[in-house]
Amino acid sequence: MNRRLVLLFCALLFAIPAHAAKLKAVKALDNVPVWLAEDHSLPMIALTASFPAGSAYDPPGKTGMAALAAYLLNEGAGIMSADAYQAALAAKGIRLEMTPSRDWLTITLITVTANAKEAFRLLGLALAKPRFDPDAVTRVRLQLMQSYDRNRENPDFVAETGFYSIFFGPYTYGRPVEGDSRGLASISAQELHGFAQTHWVRGDLRIAVAGDITPSVLAGYVRSTFGSLPAVAPPLPAVPPRVGAPGLHTLPMIAPQPAVVFGQAGMLRSDRDYLAGMIANYILGGAGSGSRLTRELREQRGLTYDVTTDLVAYRRAGLVLGTVSTRRDGARETLTLVREIMRKFAINGPTEQELADAKLYLNGSFPLSFTSNAATAAQLNTFQQYGLPLDYLDHRTAMIDAVTMADVRRVARRLFDPARLTIVLAGSLPTGNTEPADSP
Amino acid sequence: VPLESVEHAMDDVISTYTHRAPSTAELARAKAQLVADATFRRDSQFEMATAYAQALAVGLTAFDVQQWPARIQAIKARSVQDVAADSLDRTQSVTAYLQSRP
Numbered sequence: 088m089n090r091r092l093v094l095l096f097c098a099l100l101f102a103i104p105a106h107a108a109k110l111k112a113v114k115a116l117d118n119v120p121v122w123l124a125e126d127h128s129l130p131m132i133a134l135t136a137s138f139p140a141g142s143a144y145d146p147p148g149k150t151g152m153a154a155l156a157a158y159l160l161n162e163g164a165g166i167m168s169a170d171a172y173q174a175a176l177a178a179k180g181i182r183l184e185m186t187p188s189r190d191w192l193t194i195t196l197i198t199v200t201a202n203a204k205e206a207f208r209l210l211g212l213a214l215a216k217p218r219f220d221p222d223a224v225t226r227v228r229l230q231l232m233q234s235y236d237r238n239r240e241n242p243d244f245v246a247e248t249g250f251y252s253i254f255f256g257p258y259t260y261g262r263p264v265e266g267d268s269r270g271l272a273s274i275s276a277q278e279l280h281g282f283a284q285t286h287w288v289r290g291d292l293r294i295a296v297a298g299d300i301t302p303s304v305l306a307g308y309v310r311s312t313f314g315s316l317p318a319v320a321p322p323l324p325a326v327p328p329r330v331g332a333p334g335l336h337t338l339p340m341i342a343p344q345p346a347v348v349f350g351q352a353g354m355l356r357s358d359r360d361y362l363a364g365m366i367a368n369y370i371l372g373g374a375g376s377g378s379r380l381t382r383e384l385r386e387q388r389g390l391t392y393d394v395t396t397d398l399v400a401y402r403r404a405g406l407v408l409g410t411v412s413t414r415r416d417g418a419r420e421t422l423t424l425v426r427e428i429m430r431k432f433a434i435n436g437p438t439e440q441e442l443a444d445a446k447l448y449l450n451g452s453f454p455l456s457f458t459s460n461a462a463t464a465a466q467l468n469t470f471q472q473y474g475l476p477l478d479y480l481d482h483r484t485a486m487i488d489a490v491t492m493a494d495v496r497r498v499a500r501r502l503f504d505p506a507r508l509t510i511v512l513a514g515s516l517p518t519g520n521t522e523p524a525d526s527p
Numbered sequence: 029v030p031l032e033s034v035e036h037a038m039d040d041v042i043s044t045y046t047h048r049a050p051s052t053a054e055l056a057r058a059k060a061q062l063v064a065d066a067t068f069r070r071d072s073q074f075e076m077a078t079a080y081a082q083a084l085a086v087g088l089t090a091f092d093v094q095q096w097p098a099r100i101q102a103i104k105a106r107s108v109q110d111v112a113a114d115s116l117d118r119t120q121s122v123t124a125y126l127q128s129r130p
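Line order of the protein sequences matches chains A and B.
Mapped onto this note's numbering, the consecutive letters of the first sequence carry residue numbers 88 to 527.
Mapped onto this note's numbering, the consecutive letters of the second sequence carry residue numbers 29 to 130.
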């Protein structure tokens, strides 16, 4: 009995992330949320900031605009050429990384405390006075075009890109985040300047910081770095009118192992049932080696090494997104089984044990997202992107524990419907088979 | 670009510091990056455990790991050149080309 109590106590202790206790909102700029996890144990600061400058804002015909602009952020600013700017970062050991996604441009800045002033100055310069010099634009454009060409030989990329294109159709989420050859080739420096001015803005900006800095010092840096940016946010794209194209779509290519991406409409992060959906997804395909799909497809039948499902919440649409790769002659059986396992899960829901295990994992693993300043800033910024409140961390454990079996079953029926699955396979299937057709 | 030209260009860069010491700015930049990276590695428990394990595995001590940034800061330009001259020896190097079938 004592041992049980001790274990319970440890579980409770670990359920509260260390950084969360010192988490506070910093007032620096109007309408810009700035969260700080203050921690002076290491002489370093990590910042993660998200701008409304993801590929969803690419103008028609200019697929890749957001990504090209993003990757040019550290290629010269103000009076500094690309070389001079990179040398200035390197001279102080400052890390500056840009990650474009569908909704956001996410920027990570990591510096030792002693060089914080210079780090924030260089970031502010890049945001307010980007150069988009011809040589830098040409170089980064070519890198993106070459990477696109290389990726077209990669079945995983082809299946994923194909899925988004088929699932979302002409809607903006249907285009590849890092652009395509035609879009990238057509973008001018002038257009990049225009994009930066309207999207690298403090309207809709969200900032999370972790590490060795006080709220008042941070407020000063935030004002000097981001304060001069326009306060107007670009309009969000309209909600997609219709999504999904149920059935199997084959994208023929020569590949030893076909790659499959499948999915259907999911949930926005603001959905009241989101946490129940997270639990349901974890049990079906999110739990890695412990998921139902892995048990059935890998352990019992040896059809794949890797099958996963994920809940993806964009600002304008949610997705249940799954991936599986398999050998050529196993593809049909694999897809039939994925549908069957999904169907059973939607009808019967999880077992009590599965539900309890999922909650234990989702609560127990949560503090692992806060084990470094860099990870803490990134995780907090993700919550900001989702529009979650500052006290979400305090309530998350209780909210997950409060999800009932009825909640999970209700959500599972809504999220996992094999008849609504859009399935995209990159590769080839054996011909002349006599199995039933894949499309329902 | 023929591979030979790429190889010669690389050889030129690699041999730079065998006959001259790095400039003050070059040395300062390299040190700033190495020391900052050491701090960023300590931010991750996994990386920190790895750093200590790697040091202990080759007979160094925890003290060596802790002293590493200070020792980096103390390095002189001349010793960088000496080490470069000693270790970056063209006659001891191997270069391989992977080419498509003719």
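It should be emphasised that the hints constitute simulated quantities derived from the structure, not laboratory data.
Check the hints yourself; a few may be wrong.
As the list claims (entries may be wrong) - Cross-link-like lysine-lysine pairs, in silico, DSSO-like; alpha carbons within 27 Å at most:
1) Lys109/A with Lys446/A
2) Lys59/B with Lys204/A
3) Lys431/A with Lys59/B
As the list claims (entries may be wrong) - For each label pair, taking beta carbons as the anchor points, the in silico distance ranges come out as:
4) Glu205/A with Gln101/B: 13 to 23 Å
5) Arg359/A with Gln73/B: 33 to 43 Å
6) Asp110/B with Asp444/A: 24 to 34 Å
7) Thr123/B with Val326/A: 55 to 65 Å
8) Val41/B with Ser452/A: 52 to 62 Å
9) Gln173/A with His36/B: 32 to 42 Å
10) Tyr80/B with Lys109/A: 21 to 31 Å
Said to hold, decoys possible - Part of the chain A face toward chain B, derived, beta carbon under 7 Å:
11) Met131
12) Ala175
13) Ala178
14) Leu183
15) Val199
16) Thr200
17) Ala201
18) Lys204
19) Ser452
20) Ser456
21) Ala465
Keep in mind the model is a prediction, meaning the values are calculated, not measured.
Ideal Cβ placement from N, Cα and C applies to all residues, glycine included.
Right, here's what the structure says about each hint:
no.: 1; hint: Lys109/A with Lys446/A; result: 25 Å, holds
no.: 2; hint: Lys59/B with Lys204/A; result: 19 Å, holds
no.: 3; hint: Lys431/A with Lys59/B; result: 59 Å, violated
no.: 4; hint: Glu205/A with Gln101/B: 13 to 23 Å; result: 18 Å, holds
no.: 5; hint: Arg359/A with Gln73/B: 33 to 43 Å; result: 36 Å, holds
no.: 6; hint: Asp110/B with Asp444/A: 24 to 34 Å; result: 60 Å, violated
no.: 7; hint: Thr123/B with Val326/A: 55 to 65 Å; result: 57 Å, holds
no.: 8; hint: Val41/B with Ser452/A: 52 to 62 Å; result: 45 Å, violated
no.: 9; hint: Gln173/A with His36/B: 32 to 42 Å; result: 25 Å, violated
no.: 10; hint: Tyr80/B with Lys109/A: 21 to 31 Å; result: 27 Å, holds
no.: 11; hint: Met131; result: 5 Å, holds
no.: 12; hint: Ala175; result: 10 Å, violated
no.: 13; hint: Ala178; result: 5 Å, holds
no.: 14; hint: Leu183; result: 12 Å, violated
no.: 15; hint: Val199; result: 5 Å, holds
no.: 16; hint: Thr200; result: 9 Å, violated
no.: 17; hint: Ala201; result: 9 Å, violated
no.: 18; hint: Lys204; result: 15 Å, violated
no.: 19; hint: Ser452; result: 15 Å, violated
no.: 20; hint: Ser456; result: 13 Å, violated
no.: 21; hint: Ala465; result: 12 Å, violated
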